[in-house]
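**Q** Residue-level listing of the chains:
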Amino acid sequence: MELENYKKTWKNQPEETNKVSKVDIYRMAHSKSSSVVKWIFIIGILELIFWTGLSFMVPDNYMDIYKEYNIMGFLKIYTLLHYVVIFLFLILFYKNYTSISITDSTKRLMNKILRVRKTVKYYVYYNLAGFVITNIIISVVFLSKPNTLAKVINPEGLNTDINSLLSGFLISTIAVVPIAFLILWLFYKVTYGKLLKKLNNNYKELDNLEALH
Amino acid sequence: MQKELESKFLTDFEQHQNIVHKICRLYTSNQDAHNDLFQEVAIQLWKNYSKFRGDSKFSTWMYRVALNAAISLYRKSTRTVKTQDISALIYKIESKDYDDTEELQLKALYKAIQQLNDIDKALIFLYLEDKPYKEIADTLGISNVNARVKMNRAKEKLKKVLNP
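As given, the protein sequences belong to chains A and B, one line each in that order.
Be aware that the first sequence starts at 1, since it is given in the working numbering, and climbs by one per residue.
Be aware that the second sequence starts at 1, since it is given in the working numbering, and climbs by one per residue.
Mixed in with the good hints, there may be bad ones.
Stated by the list, open to error - Derived EDC-like pairs (lysine to aspartate or glutamate); straight-line CA-CA distance at most 16 Å:
| hint | chain 1 | residue 1 | chain 2 | residue 2 |
| --- | --- | --- | --- | --- |
| 1 | A | K189 | A | E2 |
| 2 | A | K7 | B | E102 |
| 3 | B | K57 | B | D138 |
| 4 | A | K107 | A | E4 |
| 5 | A | K38 | B | D118 |
| 6 | A | K22 | B | D12 |
| 7 | B | K157 | A | E16 |
| 8 | B | K51 | B | E102 |
| 9 | A | K11 | B | D12 |
| 10 | A | K19 | B | D12 |
| 11 | B | K160 | A | E2 |
| 12 | B | K155 | B | E102 |
| 13 | B | K131 | A | E205 |
Note that these hints are calculated values from the structure, not bench results.
As the structure is a prediction and not an experimental result, all values here were calculated from the model.
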């Protein structure tokens, strides 16, 4: 049979049975939820790689102070637990990503968006709170043994007043931790915050669509 | 203004959606992939709609954007079509008021086109849609002469697949 004859067959083919409505088209054209959720997962992984990489770059003698205080065991357990929690979050991110689908009903999609937001929020809270709490714990531990701290800060045993050494440590901790916290917070605001905002807009659009029905 | 534009877009798209469905059938091998591609096309069309000035027909512009989306998506993914079970390839081309022989012919045609590469698929698709060479060239962004040459080759390949 000549190709030309297939044109008729082609032309006569039945129309698509699963016609898509205007509302569906609107939803498809606007809904980038799934790609936003994918990025949340990817950034989560990149963040993990970044922090892990950074921890390898810390010079060995940085750990001396922890050895001096005999808290290496505690730190190791804490790090392990931290990684477990992060992995659990990443699994949740991944599950969010795979479960979100454009063929969901509007209501279901909205519920999933809410779930994604919740997961990300808890993830950020966990990281920020973890940062503050560990810093407070470590500072308290350090200050609990002023002599050890003085030895570590001033290994050469220069003739300085121990009280001014300790207050110096306290002041610099109080100054540095909030700044570091702010940087961390800003980082989350720029990455996840931006993605969540996109999701939010999406949610609002879906909400408007629901109202149309 | 935006609302007006949007509503026109939705009406046009809804009316011409069959074009996109046909492209999805050619470039995908199951309903999920079909839906994915359809959505991708919807996103691309809406994203570019503000640039569509109406100097061509909506449907003509739709052919271009949809085929581009299909081709680029197809390039990104591993070529799943070839490893699929052939019986799964032609899904849902069934209709009661459609002649049996024609149905078989159509299935054979889809099966054959699906074995072509992404560009040849687009060429044959536009040929079957009875588009003039000028439009085919414009849609695929190639010269008129090039379109003819490529089309002849694609047709030859298709003939070989249809009548081995």
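**Q** Each hint needs a verdict: does it hold in this structure or not?
**A** Hint-by-hint comparison with the structure:
1. A:K189 / A:E2: This hinted pair is violated, its Cα atoms lying about 62 Å apart.
2. A:K7 / B:E102: 11 Å, holds
3. B:K57 / B:D138: 13 Å, holds
4. A:K107 / A:E4: It is violated: about 48 Å lies between the C-alpha atoms, which goes past 16 Å.
5. A:K38 / B:D118: 27 Å, violated
6. A:K22 / B:D12: Between K22 of chain A and D12 of chain B the Cα gap is close to 10 Å, so the pair holds against 16 Å.
7. B:K157 / A:E16: 27 Å, violated
8. B:K51 / B:E102: 40 Å, violated
9. A:K11 / B:D12: Between K11 of chain A and D12 of chain B the Cα gap is close to 20 Å, so the pair fails against 16 Å, i.e. violated.
10. A:K19 / B:D12: Since the Cα atoms of K19 of chain A and D12 of chain B sit roughly 14 Å apart, the hinted pair holds (cutoff 16 Å).
11. B:K160 / A:E2: Given that 16 Å is the threshold and the Cα spacing comes to 12 Å, the pair holds.
12. B:K155 / B:E102: 20 Å, violated
13. B:K131 / A:E205: 38 Å, violated
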